[in-house]
Amino acid sequence: MEKEQYQQLEQNVTPKPPYLKNVAKAFLVGGLICAIGQAVSLFYIIFFNFTEATAGNPTVATMVFFAMILTGLGLYKKIGQFAGAGSAVPVTGFGNAVISAAIEHRSEGLVLGVGGNLFKLAGSVVLFGVVSAFFVALFKYILVTIGVVSW
Amino acid sequence: MVIIFQSKPSLLAGGVVAGPLENRSIFSQYFDSVYDDERWQMKTNEQGHRKMIEEACEFAMKKIGVQNGDIDFMMGGDLVNQMTPTNFAARDLEIPFIGLFSACATSMSSVIVACLLTELGAANFSLAGASSQHNAIERQFRYPINYGAQKPQTAQWTVTAAGYALIGKHREEFPSIEAATIGKSVDYGMDDPFHMGAAMAPAAFQTIQSHLQQRNQKIYHYDLILTGDLGQLGLKLLKGMLVENGVKNEELTLIRDAGAEFYGQDEAFQSGASGAGCSAAVFFSYVLQQMRAGSYKRVLLVATGALLSPLSYQQGETIPCTAHAIEITMK
Amino acid sequence: MVMTFVFAFIVGGIICVIGQLLMDIGNLTPGHTLSTLVVLGAILDGMGLYEPLINFAGAGATVPITSFGNSLTHGAMAEAEKHGLVGVLTGMFEVTSSGISAAIIFGFIGALIFKPKGNID
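Chains as they are written, first to last, in the working numbering: chain D, 2 to 152; chain H, -8 to 322; chain Y, 21 to 141.
Treat the hints with care, as some may be off.
Under the rule of at most 25 Å between Cα atoms (straight-line distance), these lysine-lysine pairs were calculated in the BS3-like manner [stated by the list, open to error]:
1. Y:K137 x D:K121
2. H:K142 x D:K79
3. H:K142 x D:K121
4. H:K175 x H:K142
5. H:K322 x H:K160
Bear in mind the hints are in silico, worked out from the structure with no lab data behind them. All values derive from a computational prediction rather than experimental measurement.
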């Protein structure tokens, strides 16, 4: 059988991802995580005198804490299998990427294992976040300097 | 190329040890031991992996009443970097050892080498097999165990199991190896590491075809042709290729796959089982026991291996695959 | 009050759906998907669109990873406004620290108290 012919057969046999089902699950779980986040920030606003604008920081940290518990108990990967991007895209997914790598590489010690591999998965998010922020801010700075827009 | 073994070395015994999740395998009743701790009470996954290999070898030796000192050679491998679990197990077993890597086809490549040594007269007894430990392999090839990535329906679950066979000179009352085919490294341009069955099916197809042709046999000359770990989708693809090639539908029922059947129909495991330990565990427990019981007289075992690494995948390479086969008969 | 939860749910859910489509149709790995979304968040903030989204959806906009790109850009731009060009570099992490520092701290603690387990259910 020729390669092209086989690739045709492979296309026919391989099931397509259940797009609609996956989107629905991602929407529900992702939405739910954000709603929980909303409850957490409300908690900080009411009890700790944060404002709508400043509550984001403690909320994110708290969500990452939840991610640690769920990751350590082996529950986050099950949520991930069900929800796909629904649990990967919220900051809890970022936390899961960091924390799962940390737990995994504990066997190689705290320095070479945990330290060396902590950002093995999440490092690309930090890299592209920082680089894109740099260029966006630089671009805006240039635009402001030549007087096209203002801050 | 097909190798004919004039002296017909025998598979004297098999030792199969598996992890806790493998209790769910439809083959678990044939395993020698199913351990309830995935790390065999060791500190790391890799140490548990090593322990599992040692226990499998010990089970195989115990069944024939031989000891480490009686074994001339050990052939085997696993999927961890530099195959340290197998290398370390060989250190503890103190048996002359060559590590072999054919990914998940290692169970068969090591049996073939052991048969050659037996045929040559260099070995009275040799151990041959392969193993995989889920946690150690997943972190090697994919993500940390607790990372929440969504696996597609085409994915396969790496089994925790070690299977080793004790091979010796021909004995009438044991299943014996008549011939073997060493497969080419085949690449049909598949590049999805979560769809290994599709990458491996062409390799299995080529090895089966070339074995049958050179041996002048048809599929119906066999009671069973069992591939290693194509999974449910890979098996479908293999059958699709065979049908294209004029194989009749009734012959297709003789072709089965250990990975597709390993966990039954449980959807949590997606397309089925994989890992070097998958074919080794099923071949050296279920198949050997069925042959000794007389259920099968002639069997073709085809272990398939995807020869990729995380590095090759990240560098955008496609996945070359191989398949090695042995033909076993029972009087 | 109730509506803030509804908006958080809907906006957060939609951002996750974009991620799911990148994975399923775009065939991206989770790493590629998250990197893409972070860049998207940075660009949206550069255009001044992310802040209104946060005002509208609250946690629906701050919890998804896009907010990481937003807050990095936000810090860089705020500092650039005050100190000029050098602020682009120095202001970056001014507002973002919480997600990263929480992940590092909890990653370390997690490594100390948990062991990976290969269970399936």
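To see whether the hints hold, each was checked on the structure:
no.: 1; hint: Y:K137 x D:K121; verdict: holds, 19 Å
no.: 2; hint: H:K142 x D:K79; verdict: holds, 10 Å
no.: 3; hint: H:K142 x D:K121; verdict: holds, 19 Å
no.: 4; hint: H:K175 x H:K142; verdict: violated, 30 Å
no.: 5; hint: H:K322 x H:K160; verdict: holds, 15 Å
In this structure, only the earlier hint numbered 4 is contradicted, and the remaining ones agree with it.
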